[in-house]
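Novice: Listed here are the chains, written in short residue letters.
Number of protein chains: 2
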Amino acid sequence: MKDEIQIGVLGLGVVGGGTVLALQQNADAIAKKVGARVVIKKVAVRDVSRARSVELPPGVLTDRVEDVLDDPDIDVVCELIGGVEPAHSYIMRALQNGKSVVTANKEMLAKAGHDLLEFAENNHLDFLFEGSVGGGIPIIHALKQSLAGNRITQIMGIVNGTTNYILSKMAREGADFDVVLKEAQAYGYAEADPTSDVEGFDAQYKTAILASIAFSSQVDPAQIPVEGITKVTRKDMQMADVLGYTVKLLGIGQCDNEGLRVRVHPALLAKGHPLASVNDVYNAIFVRADPVGDVMFYGRGAGSGPTGSAVLGDIIEICRNIVSGATGRLGCTCFNNQPLLCMSSLVTKYYVRLLTYDRPKVLASIASVFGDFDVSLESVDQRPQSSDRVDIVMLTHRTIEQNMVSALDVLGKLPTVIGVENCIRVQD
Amino acid sequence: MKDEIQIGVLGLGVVGGGTVLALQQNADAIAKKVGARVVIKKVAVRDVSRARSVELPPGVLTDRVEDVLDDPDIDVVCELIGGVEPAHSYIMRALQNGKSVVTANKEMLAKAGHDLLEFAENNHLDFLFEGSVGGGIPIIHALKQSLAGNRITQIMGIVNGTTNYILSKMAREGADFDVVLKEAQAYGYAEADPTSDVEGFDAQYKTAILASIAFSSQVDPAQIPVEGITKVTRKDMQMADVLGYTVKLLGIGQCDNEGLRVRVHPALLAKGHPLASVNDVYNAIFVRADPVGDVMFYGRGAGSGPTGSAVLGDIIEICRNIVSGATGRLGCTCFNNQPLLCMSSLVTKYYVRLLTYDRPKVLASIASVFGDFDVSLESVDQRPQSSDRVDIVMLTHRTIEQNMVSALDVLGKLPTVIGVENCIRVQD
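These protein sequences, in sequence, are chains A and B. FYI, my numbering numbers position 24 of the first sequence as 1476, with every residue one higher than the one before it. FYI, my numbering numbers position 331 of the second sequence as 1783, with every residue one higher than the one before it.
The set of hints was computed from the structure by calculation and includes no laboratory data. As the structure is a prediction and not an experimental result, all values here were calculated from the model. Incorrect hints may have been included.
[As the list claims (entries may be wrong)] Computed footprint of chain A on chain B, listed as stretches where at least three residues anywhere in the stretch have a Cβ under 8 angstroms from a Cβ of chain A: (1) 1529-1543; (2) 1733-1745; (3) 1767-1781.
Don't be surprised by glycine CBs; every beta carbon is placed ideally from N, CA and C.
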């Protein structure tokens, strides 16, 4: 048995720093858990002269990735640089050199992870990625291991901390999106270019990863319909609250006999739902499965500590596998090939807000259009906005998305309707 | 590689039935995940003629435990009969016969599991018990694997569904304990003899298991101070609500430089705490650790489906280990030997409710006694109960338990105090 297992790290940013620090601080306990000391041999960074948040022994820092990828003493490589390339090539090279790999790189994994998973499995190597979704929340392992005996019918997550912070703050303070976004940027919760977060792309990658594992089917992130939160207004948050809901950006995967419905969009969620009280930068993933029923996993979805915890958990798992000669024991589980179903056939409830002129029979004409498309209304709330304008907020019963789209199209052209202000799906 | 892995089951009650059913229903997917078919060879029950909730092929049911324990073709034994003996002896015999074992038996595990864990580890066998705490919630694996790089400082769980159902219902409906208990018994959520649940013994076993793993130290359940929920009244629930809290039965483990504080008792929990909105028969376990921060795991804490899911997850893990030749890769992690600290040195906040006569200076005399014992008050709420009696409800600042006990002792003897009606710890 090895006395020492040597690790190489690519990247010493937020996650790399958190991983290295936790490994240093808990080294003795980790050695006892693994049965061998886990030692960082090399950390490759772009600029070795830059000040770092962690201290490393002399000679560990390097600006040559080959010092990590090609060193035969290194058994485990942690890729923590992000982005699709060169991360993907580095990981493939590490695997080809017989090293197991840990990554927290959601974008690379969702877009180009499959060949890495297959290569690792075929070569009895581990390729783990717990930190790619939900930061420190152990959702990937739970899906692959503890819940492996279940048939999962729904997985639904608040997987982006930035948007959850913004929506929570809008709900709590009655503030506008733009105002809260600027504040989030000032606190460092949102990036200078917030596109990937607020338009839902970050959630799209994570949802692709979750759905792939939950449904044992490869899910291409590019095929996942995505809507961000930029169109959610203060008014919608307030109306949702009045109706007993909160608005969350959800990554959703559902599986039925016809196939998979995977999507990312804001949704009204009843206040009693376990995800509804997940606020600020916290993430949570809700799983509905047979026979376990409903389970939920909650924690910080990003940052040096949480994601470092996940990466370190993966390192420890690989080291245990090395000690017991079992790397590659848990490979790719995408043995199904279930089709992704299109959004137009989705059946769900909707929240609709229309701005109309305050005229007689306006409501009747709206209800009539909905009726023409088989959309039936659960509740209607009419509120004056000015002397001759009213907001009409409706919740519908379950209806087919295609019908809803058609109805809104017709409604938008009615002379009494000034505009379809918003339409947000309601999630059970 | 084996094409087929044969399983033996002891007991076909609620959990056994759930496990077998899920294994049958998801057999194809499980075979793909494991790399071999998982087949139930024998199920030992006391009475083979009794009607069962699952169908088994002829010859599988037996009333001889040796058909399971001594069959060389059986690689994995699931002990689902409960109780300390003969469960412990059966498991030891299975291990001695070279079989890996799954159990959901919290009482046996907490009281007498250590030698089994050691024997399994020394003989490269798996002994897994995810179903012993929190039903289908994958908390054991999360602690042992994904969170293994963390230093856990606090673990706190709602781990008993019966008491959580009772407390949730008391809070929601303003009902009395006795009334709700009877209703819970009628629905089958509480047993005819509810002692183990309402007095906290069930939570005591589970807390011992959680604390042992979280702090890598063997924790003897008999050493865990336990208080049940029988003294929590409707009035306390209502006052807690007014003060911004909810009352939950918590299993708590904390670790600091001096040692461990492990205990089970009802506690006031601020409504914003993630555990506070866990209601009815749901369980949840909250973990505070460095570097992950706060994480929480939520789900149904008991029943055929949830616990069956956990047992099946363990079976699948063992089967994967068999396929990759790595059984025993994850053994006992109690390599520390941290002392359990006594309750009298606990520092926490308290909720105190006194019934007093409505006389001048009553409050002054009470405050004076608290002051004598260095207990300072955060808030005081005085409510008339009848023409000459008042309820005085106080929240204290953090204080040493020994001082609180002494203060209450003196207060109870004041001529103006009719009684110390309740004293409940407040948990941060």
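Novice: Let me make sure I understand: some of the numbered hints might not hold for this structure. Which ones are they, in numerical order?
Specialist: 1
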